[in-house]
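Number of protein chains: 8
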Amino acid sequence: GFAKVDHYRAIHQGFPEVIFGLGKRPEQTAVIFERLARTGLPVLATRCTAEAFAAVQAKVPEAVFHELAQVITLRVPEENERPIGTIAVVTAGTADLPVAEEAAVSALAMGCRVKRIFDVGVAGLHRLLSKRNELKEAQVIVVIAGMEGALASVVAGMVDIPVVAVPTSIGYGANFGGLSALLGMLNSCALGVGVVNIDNGFGAAALAATIVRSGSREAGRFHDV
Amino acid sequence: GFAKVDHYRAIHQGFPEVIFGLGKRPEQTAVIFERLARTGLPVLATRCTAEAFAAVQAKVPEAVFHELAQVITLRVPEENERPIGTIAVVTAGTADLPVAEEAAVSALAMGCRVKRIFDVGVAGLHRLLSKRNELKEAQVIVVIAGMEGALASVVAGMVDIPVVAVPTSIGYGANFGGLSALLGMLNSCALGVGVVNIDNGFGAAALAATIVRSGSREAGRFHDV
Amino acid sequence: GFAKVDHYRAIHQGFPEVIFGLGKRPEQTAVIFERLARTGLPVLATRCTAEAFAAVQAKVPEAVFHELAQVITLRVPEENERPIGTIAVVTAGTADLPVAEEAAVSALAMGCRVKRIFDVGVAGLHRLLSKRNELKEAQVIVVIAGMEGALASVVAGMVDIPVVAVPTSIGYGANFGGLSALLGMLNSCALGVGVVNIDNGFGAAALAATIVRSGSREAGRFHDV
Amino acid sequence: GFAKVDHYRAIHQGFPEVIFGLGKRPEQTAVIFERLARTGLPVLATRCTAEAFAAVQAKVPEAVFHELAQVITLRVPEENERPIGTIAVVTAGTADLPVAEEAAVSALAMGCRVKRIFDVGVAGLHRLLSKRNELKEAQVIVVIAGMEGALASVVAGMVDIPVVAVPTSIGYGANFGGLSALLGMLNSCALGVGVVNIDNGFGAAALAATIVRSGSREAGRFHDV
Amino acid sequence: GFAKVDHYRAIHQGFPEVIFGLGKRPEQTAVIFERLARTGLPVLATRCTAEAFAAVQAKVPEAVFHELAQVITLRVPEENERPIGTIAVVTAGTADLPVAEEAAVSALAMGCRVKRIFDVGVAGLHRLLSKRNELKEAQVIVVIAGMEGALASVVAGMVDIPVVAVPTSIGYGANFGGLSALLGMLNSCALGVGVVNIDNGFGAAALAATIVRSGSREAGRFHDV
Amino acid sequence: GFAKVDHYRAIHQGFPEVIFGLGKRPEQTAVIFERLARTGLPVLATRCTAEAFAAVQAKVPEAVFHELAQVITLRVPEENERPIGTIAVVTAGTADLPVAEEAAVSALAMGCRVKRIFDVGVAGLHRLLSKRNELKEAQVIVVIAGMEGALASVVAGMVDIPVVAVPTSIGYGANFGGLSALLGMLNSCALGVGVVNIDNGFGAAALAATIVRSGSREAGRFHDV
Amino acid sequence: GFAKVDHYRAIHQGFPEVIFGLGKRPEQTAVIFERLARTGLPVLATRCTAEAFAAVQAKVPEAVFHELAQVITLRVPEENERPIGTIAVVTAGTADLPVAEEAAVSALAMGCRVKRIFDVGVAGLHRLLSKRNELKEAQVIVVIAGMEGALASVVAGMVDIPVVAVPTSIGYGANFGGLSALLGMLNSCALGVGVVNIDNGFGAAALAATIVRSGSREAGRFHDV
Amino acid sequence: GFAKVDHYRAIHQGFPEVIFGLGKRPEQTAVIFERLARTGLPVLATRCTAEAFAAVQAKVPEAVFHELAQVITLRVPEENERPIGTIAVVTAGTADLPVAEEAAVSALAMGCRVKRIFDVGVAGLHRLLSKRNELKEAQVIVVIAGMEGALASVVAGMVDIPVVAVPTSIGYGANFGGLSALLGMLNSCALGVGVVNIDNGFGAAALAATIVRSGSREAGRFHDV
Ligand SMILES: Nc1ncnc2c1ncn2[C@@H]1O[C@H](COP(=O)(O)O)[C@@H](O)[C@H]1O
Ligand SMILES: Nc1ncnc2c1ncn2[C@@H]1O[C@H](COP(=O)(O)O)[C@@H](O)[C@H]1O
Ligand SMILES: Nc1ncnc2c1ncn2[C@@H]1O[C@H](COP(=O)(O)O)[C@@H](O)[C@H]1O
Ligand SMILES: Nc1ncnc2c1ncn2[C@@H]1O[C@H](COP(=O)(O)O)[C@@H](O)[C@H]1O
Ligand SMILES: [Mg+2]
Ligand SMILES: [Mg+2]
Ligand SMILES: [Mg+2]
Ligand SMILES: [Mg+2]
Ligand SMILES: [Mg+2]
Ligand SMILES: [Mg+2]
Ligand SMILES: [Mg+2]
Ligand SMILES: [Mg+2]
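Protein chains in written order, with my numbering: chain A, -16 to 208; chain B, -16 to 208; chain C, -16 to 208; chain D, -16 to 208; chain E, -16 to 208; chain F, -16 to 208; chain G, -16 to 208; chain H, -16 to 208.
Errors might be hidden in some of the hints.
Restricting the straight-line Cα-Cα distance to at most 20 Å, the calculated cross-link-like pairs of lysine to any residue (SDA-like) are [said to hold, decoys possible]: (1) K98(G) x R115(G); (2) K119(A) x H109(E); (3) K114(H) x L108(G); (4) K114(F) x L112(D); (5) K119(C) x H109(B); (6) K114(G) x R18(H).
Rather than coming from a laboratory, the hints here were simulated on the basis of the structure.
Chain A with its partners taken away, still in its complex shape (with noise of 0.2 Å):
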């Protein structure tokens, strides 16, 4: 009884309830797993631990765990099940891999298709510039900075595409933890930005599931009238 899992948020959401490993004892995050598991419906669970994933494979032996992401997934959709639209998860340096995976990993496990696209940051711009068709081919793009966050900026102002903006800890001293990159991002000259918390990969991999499926959607509607 220590936790409600919440069936009907996966009805009115698209996806069910997710599991947030922060803080929770692997067997409990294990028996959360396994119930959701029981529903038939792709399973998530992020900022797991090797030992989080070995409770959980003792019970649901088919989970599989994406190290560098920390995210337990079960039944991620095959490609070609996967809607429309395609998000483009992009990095500005090495040390922002592990939040870029755990976006990558849970936007693939919401059933979305993913374009990785790392180490582009703006200090060095023509690693970026020569993405720049890649880039809009997307229907979100994830821009993930840490230091002074500027690719966002940079990005949101080389295309007309949603951009999801997530700062991450990655640096030292004035950063003060993420601050730095989620001060420029907020305050981002550039059009079409939204921010989430600071390293909340997953975060942005959710809002930016819920902008594809919302354009599938009104897709659908427009067809319709």
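Assemble chains B, C, D, E, F, G and H with the ligands onto chain A, guided by the hints.
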């Protein structure tokens, strides 16, 4: 030569350079407004005083002033010219109105349909619950709230639609100029929330419009395939 | 002589000096616990590790350890000895449990009745709405929530009962160690909310108990006059 | 249509919607005031300027202006109509008076008895010690202090009565607009302290009134059983 | 005797004591200005109002007022008297102009050549990319930007020239008076960036001039050896 | 050559260079300690671990370790060698002891008399009031308190003696590492309070000792004239 | 009855209640001033406007206004009535003068001798070094500096005399209203520094006067024994 | 493919991509190091642990570990290969050494001459004054200081050479992880100071090297013309 009007942006972002009136003298705003008016495209100027409008009107008599929103517009698309997709603009209290109107007028100028749902803050939940159906018909919901900003979480928990959250500086004392609402929205426990800067109604409209356009475009692609 | 046990407070505050285990060595906690045990009154020690409990138990074998709450108690009043008035302890998520248990166990030790209502955060409002009647039967409601802390506003808006709000440090990034929930609760747009320190379940219980006692005493007076 | 008057709240919270004058134009305040006046219930409007009062008085001549408190009232209950329970309003310095009067007038409007104990800050402790008996007769104590806000701790340490602490923005420099008093009160080493927002005299009165009502109601129940 | 004019500094720092007008009364500024004018060296006064200039002009008729920059100068070196080395002054938006002009006029007064490159912020990157060659011809680049301050990183990534970054207070909400741009610039992922105080155009010019002088001097030494 | 021992300071400041152990390896501390020991003057090293002491003792066997204070001393003056003037070291709670001992041992090493008055925080005022006479006999009072730090104001209000206030990091949540006590002490409404850094027991002792010496010297002068 | 004049404090703190003019209306200040004037003791009122002085003068014609200091005094002791001990008041820049004068006039009113040493900030160290002897003759040094506040460390490193450090709000941008100088002074690497609130010249004088009195009293005791 | 090595930068910035070891696993660092080693250019990796060095050495045996600096280098230019221009690296205390060595080793790797001047903080000014001539011979001075960071102002006030200021996180309590030194340096009242991130010795070296190169290049141009 004091400003470089960015016609290029009009093309790749779907709407033209927007004038940011804060810190500009009325005459400066009027000069830029006139230059943009000559493009034949819609024109939008935010954070404008009545004095700025007087200066604009002297040069561009058809310009319209939205006093509460502090916005000047020209050639806002007619209702039947607007793309599919409605943006719901939701506020917690009456004091949030100026920010809400900045968002609403901006969204209209960008060619979106707008549905206003005002004064439904969480202190009296029945007000919000009675609007559930109207909310579900929107393609994007812009939630505008000051003080603790809890409305964004509650709305996002009720629907499966992208929520653009705008913290406002409404409040005093420990709201620290909007910080309380900002942090509340960034830490939302509900999914599908993207945050913009404090009091940034215009930025919220721009993100919402980008999402709507992105969905429509995608809709096109969908049926092409 | 390293601590002055404050027997005087037991009298004028209705319960004895409470031991704050943080930063005390197990042996120090045990010595003070034993000294208080000799008074014959209930004893309460918060923020205690399992090691501290081992040291206490060696001296006071009847002491009880509440592991999740990190609290040690002695002579908690039996249910029929407890004054009228129930304290509802409400949490947003499962991660808030340790703080909630600190509050609940402390309130029981102070002679209050306690009703636990856990995991009813605002992201899925139906969970909270279904508990409306249980909430209305309490004399004080302790609301415990991290992240954006919106639960305090929503609960206070539903009832006409004092709400003691406890922000928790649950979350990451821009929660800044509980600041987001703290500011959210201080800026609550609902009426009847008093805030205590981040993670301070014990302090919330003490305030709630003081309110309950204050009401009972007043009740007495009322009929005397 | 710019504001939804919340009559429902009057019923379940024991007093009607309160008008928050900050950021409202005099005419707006007057319109809402008149609408609430028609309910026949008491009316309370806080943070009102003399201009706002002039506008209200033109529509509701019986309205009363409390200048120091910046509060407008209508139909404040007579002394013999007020429930049992006295709220002591205690201030540290003379500069805290406006906040104290906002609290006192609001509490009176909500039907409480009020006892004012002003200018008893901790720099001259004898002033406070000489008021010990008056303090002990209250059912709730509202402590209002700026600068270091130490008065809340000292008062709460002297009595076994709920303390509602209101930090004020009185001071300069490192008081950071009331932050010093706010943090001081949140970290109080005394028990039984609930904190409200900086300068929020009204919010303190609302919490205190809720406690008083909660006690009386409970008193009824007690004797029913 | 209210100020000690520091003639010594003129000698060892290459230019004389600079008058900081903020918080000085016009008459005070004028008295000091006249005293420095008597040295026969260039004179520079920053943060001066039109009133201050009127007072100065009454005593020193040849003084020149740079209104946008809020700077008063006397005996600015002619173009052919200026040392080698050009300082490029680059701004993100038109609102940064006053700070940019403070920098430009100060640098001219200190004997540097100045190249103004304005309104090339990162939201429309093509504007900046088209200026690449002009940037590469400078010996020092002063980058002035508010909001997220990303321009400093992008410029520093394009060239191998010292960048002096000036965050401005332009923006609102979560820019917290320039904090967002300041943190962004301090956390720049590009190399070769030194940061000065928010809005400190003068300080940037002083550092840039010191670098230019240092290079020239070194150049001299180089050929001596 | 990794450190310049500053013998000059011993002369003009009345006691020698003090070793700050934080961030030094045991061996580094020991080398500097030995070098200072050779001067024949008292030696003081603060923030030292047991490992650092072991390393020191191997080189200087007469060195003494004060474990609670984390201080190592050599040649602390005997009681009869100490100048007139007593420093009272007063703490609010038992958790403040390490800081208090750092202050007390440092003051003794600097040749002052010390009177310890511990655990007299404001939550139980009678404890402090009963020490009034002891306080009045001191020449300087060092007040050490965490949480809200109110003790400094209350003590300073009781006496006419300089108070050196040391905020401690004791507490959690909204104490923000000692910020609450620091701001409280800086905003003290009582007169005669000088504040040092959070947890800086040593710095408080140094200031107190400077005051004592300054008084004695002055005393000397007084009678010379 | 709006203020309790605290005659008791006059006795045990050596000088009477001081009027804090900030937030008081001229008439209020005048009423309290007159009441204190009747005691025959010196009177001191700080943070007073010219209007407040006009109101005071109408009631107490002998009152004196110190415009730059914003201080009103009555019966300041003559030079030969002042106790031994000189307070040096040292400032970094001319903009610190108002705070310095508040300190100087307050110290004179409290019966101290005062030596003003102004405009000797660390950017031109020779100015300070040339004052070394004057500094060494003081019994307490009050150092007043804004911006980085480095002057306190440099002065304290030069002498073995208590330094009372007053950070000022002079500066802009990242001085954050005096925070930079405040933190600099609290973290001083020099010994013997006690810090008061930002811009609190009066508080510095009160601490300095307490130190001077404490030394004199001690001097007496010394020779008694 | 986890990192894009940026050979392009080596050309236009004068030295190759630098490896940032923080958050990289030893093996990752080693793989990138080896790839850069193959270019034949100097290689620099900062923030590297001994474990990272072991992994690098296994692949590139000539790599050198600078333990205190936590830096790994390859092919550092010989002294006679270094351009004109000396960088003085100056520290306030011994605790600043790791940052100073990161700066010094990085500057050497970038081909600069380096002069170390350590432990000359402002608490004992004579230490710094005795180094005046050595300072004046540098082309750039890197000043590294924690706590109040006053050394940057004092040094910049003594010379007419660019100062690159590095705040360090050395200190505790109200140094807030280096914030005190950072704000102090940003608010320096001396001219010619550019600030980099807290503890960023590498960034300071990169800026200093860019200044040196810029001067030399300019020197070349100067004599060409
Ligand atoms: N990485 C994450 N960051 C923030 N929120 C998350 C994350 N993963 C899951 N969540 C949210 O946490 C909720 C579950 O919290 P809990 O009940 O504590 O397991 C889910 O419904 C998600 O909304
Ligand atoms: N002084 C006050 N401080 C904080 N909240 C207030 C105050 N006065 C009224 N309120 C709240 O503001 C609400 C009305 O806000 P509004 O709809 O903007 O007029 C009321 O229901 C109260 O909860
Ligand atoms: N400039 C000042 N800054 C801070 N506190 C002051 C100042 N001037 C006077 N005070 C204090 O304010 C008290 C009077 O406050 P009040 O009763 O509000 O007039 C005096 O006893 C002083 O302790
Ligand atoms: N100590 C350091 N502090 C800040 N940035 C650094 C440091 N060392 C290297 N860098 C930067 O980090 C970049 C490499 O980052 P990465 O691709 O994550 O290895 C380099 O190009 C440098 O600009
Ligand atoms: Mg865009
Ligand atoms: Mg949702
Ligand atoms: Mg309620
Ligand atoms: Mg109490
Ligand atoms: Mg560069
Ligand atoms: Mg005192
Ligand atoms: Mg000293
Ligand atoms: Mg210089």
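**Structure-inconsistent hints, enumerated in ascending order** = 6
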